[in-house]
Amino acid sequence: MIKEEIIDLIKKAVLAQGIPEQDIPAFTLEHPDEMSYGDLASNVALVLSKSLKKSPVEVAKQVVENLNKNKLDAVEKIEMAGPGFINFYLADKYFVAGVGEVLKAGEKYGTNNNLKGQKTIVDYTDPNPFKDFHIGHLMNNVIGEALCRIMEGNGANVKRANYQGDVGIHVAKTIWGVFKMLGDGTAKKEFFGGLFGFGNNPKVWGRAYALGATTFDQDEQAKKEITDLNKKIYERSDRKINKIYDFGKKISLQEFEKIYKILGTKFDYYFFESEVGNLGKEIVLKGLKDGIFEKSDGATVFHGEKYDPLLHTRVFINSQNLPTYEAKELGLIVEKNNRFPFDKTISVTGNEINDYYKVLLRAMFLTVPDLAKKVTHIGHGMLRLPTGKMSSRTGQVITGEFLLSEIKNNVLEKMKDRQIPEKEKYLVAEIVSIGALKYSILKQETGKDIIFDFDKSLSFEGDSGPYLQYACVRAKSILEKAEKEGIKANLNLENTPVIGELPKLLVRFPEVVERAGKEYSPHYLATYLTELASAFSTFYAEQVVVDKNDPVSPYRVALTSAFLTVMKNGLNLLGIKVPERM
RNA sequence: GCCCUCGUAGUUCAAUGGAUAGAACAAAGCUCUUCUAAGGCUUUGAUGUUGGUUCGAUUCCAACCGAGGGCACCA
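5 is the number of the first residue of the first sequence in our numbering; add one for each residue after it.
These are computed hints drawn from the structure, not numbers from a lab.
Predicted model, so just to flag it, every value in this text is computed and none were measured.
Some hints could be false.
[Said to hold, decoys possible] Derived lysine-lysine pairs resembling BS3-like cross-links, with alpha carbons at most 30 angstroms apart:
no. : residue 1 : residue 2
1   : LYS265    : LYS581
2   : LYS54     : LYS15
3   : LYS108    : LYS7
4   : LYS123    : LYS97
5   : LYS522    : LYS15
6   : LYS420    : LYS120
7   : LYS58     : LYS16
8   : LYS362    : LYS262
9   : LYS235    : LYS254
10  : LYS65     : LYS16
11  : LYS508    : LYS488
12  : LYS247    : LYS270
13  : LYS123    : LYS163
14  : LYS420    : LYS508
15  : LYS112    : LYS420
16  : LYS57     : LYS270
17  : LYS488    : LYS420
18  : LYS120    : LYS447
19  : LYS378    : LYS123
20  : LYS480    : LYS265
21  : LYS427    : LYS452
22  : LYS253    : LYS236
Start from the sequences and build out the full structure, keeping to the hints where you can.
Structural data, given as structure tokens:
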């Protein structure tokens, strides 16, 4: 890579200044924001000026002089600029060759082997059966899926896992609600068929949860009933309860699968809290003997603050002798490793549990240290509504399904005047609406909250998913025309063609994939792709690509083709598809 | 109360300690007999406050102000 070569040369030039190797301070070589400052810029003179007791400008001048003594072929010009930056201008032929590489590598362009063979298991989405799949799960899925793809792009062997809470107090609340609604007839009146007259409409189950949850808070008697119910569900000791439970779980999971299909996620493993509870409990009980956990008020707890003042106490086994979420997580990591012995595991969750996760991780280090050191937790921001918080307790949720259909309707509305057959329109609308949603989530830093405004966030203009898809569609259209007219991509023209921003951006793609992977940050990709699409759109507006009478046309066709390749590869890493037309 | 995260144009987001803080939306103006105008080109507009570290701070540190989240049997 050119970057490494230049860094090497800079080091040599610095050594030539009489600085011993171990004294060379850390310096950078990066793409300046402003393209007129060259293709790469280094701050080496700025960081050296102090130890040399010379002005940065003076140091830079000398380094440049040294660099010019054995200049690389691909470097056209080296300049000192501003307060002492050294700017490198690369030769046009370097970029032309780079575009050639894009065309040659095709779908593989941009991928690397940084994580070659690394067995990685990522758990994400993690909706709870018996509860709504709401827009928070949507967000989690979009981020998790993008991370998986980015890791794969960096060479990892990724398995997708979905960890679902099929036991726990929320389930008891739902089942309690079901009994209540069956008892007073609310369920029967509205829904027929299904088990015990209780419908297979997931919305009714959501209402049952809301009923159970609100009553739990208000009514002591109901609270006790729900708590007892919870224990029975764990123990599977009551046939009637089991029947409702199994039926409800099945309906939930079927419902989730529909959404995964629309979103383009396919899980390799499903883990359930009911499977890992006992395993987790055993680990905690062993830890209790070892003094890692302690008894307190009938519960088994972990005093995190004993190890680190930033941690706090958490209950791992409650006073009813049931494992809490904490203990289940200990079981989960063991179970994950049983099914797929991993080198790394990544848990993607909302950032509201960041502090909790730190405590958990500490307990993990004490109980299953070999596995704990392979854990990475990524807490993403929350999807917030401008109107305030969402709550599934009161039924104030926006379900994933609702949001998806809402966006899709908007897209269809926008496509009204398009000359596309109805059937295709529907498919295109799905691709575009999912693209819009995914992009709006992935374009910003993973850890930050997203203020989700229905009107604005679903924009299809400017900095949006459809903008990127649209650029691809236009590129496709050009390539079709070029083929019809018999113009083939060609980069080996006699006279060097004009180089604009487009080729320079194209060849940066592999660096972006690498960075997005290292920092678990899809938004670097999203930002880059937008910049790239913008460069292409300008190119598109300024020049006619396909023109039989223009000798440069084959070069423009090559650029268009390379653009489409990078764009598709990049969008693919984000989990965004590109329609044929839109 | 304690802990964590975050404060950037009117709004939604970028910026690896670097050069003139980038986009998009909104507003104003131009631009389709041309490969899709979901496009392109102009213009206006921002680092919460006060200090500190540094050659250089949106970025690091401190205090304050403001927002969100978390702190024992929910997940």
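Taking the hints in turn, this is what the structure says about them:
1. LYS265 to LYS581: It holds: about 13 angstroms lies between the C-alpha atoms, which stays within 30 angstroms.
2. LYS54 to LYS15: holds (17 angstroms)
3. LYS108 to LYS7: holds (21 angstroms)
4. LYS123 to LYS97: violated (39 angstroms)
5. LYS522 to LYS15: holds (25 angstroms)
6. LYS420 to LYS120: violated (46 angstroms)
7. LYS58 to LYS16: Holds, at about 19 angstroms.
8. LYS362 to LYS262: Answer violated: LYS362 to LYS262 is near 34 angstroms, above 30 angstroms.
9. LYS235 to LYS254: Status holds; Cα separation ~20 angstroms.
10. LYS65 to LYS16: holds (15 angstroms)
11. LYS508 to LYS488: holds (28 angstroms)
12. LYS247 to LYS270: Within the cut-off at roughly 28 angstroms; holds.
13. LYS123 to LYS163: holds (8 angstroms)
14. LYS420 to LYS508: violated (37 angstroms)
15. LYS112 to LYS420: violated (36 angstroms)
16. LYS57 to LYS270: At roughly 60 angstroms apart (the allowed maximum being 30 angstroms), LYS270 and LYS57 break the hint.
17. LYS488 to LYS420: holds (29 angstroms)
18. LYS120 to LYS447: Measuring from Cα to Cα gives roughly 27 angstroms; hence the hint holds.
19. LYS378 to LYS123: Satisfied, since the Cα-Cα distance of roughly 11 angstroms is no more than 30 angstroms.
20. LYS480 to LYS265: Within the cut-off at roughly 26 angstroms; holds.
21. LYS427 to LYS452: violated (38 angstroms)
22. LYS253 to LYS236: holds (16 angstroms)
In the structure shown, a violation is registered for the earlier hints numbered 4, 6, 8, 14, 15, 16, 21, in ascending order.
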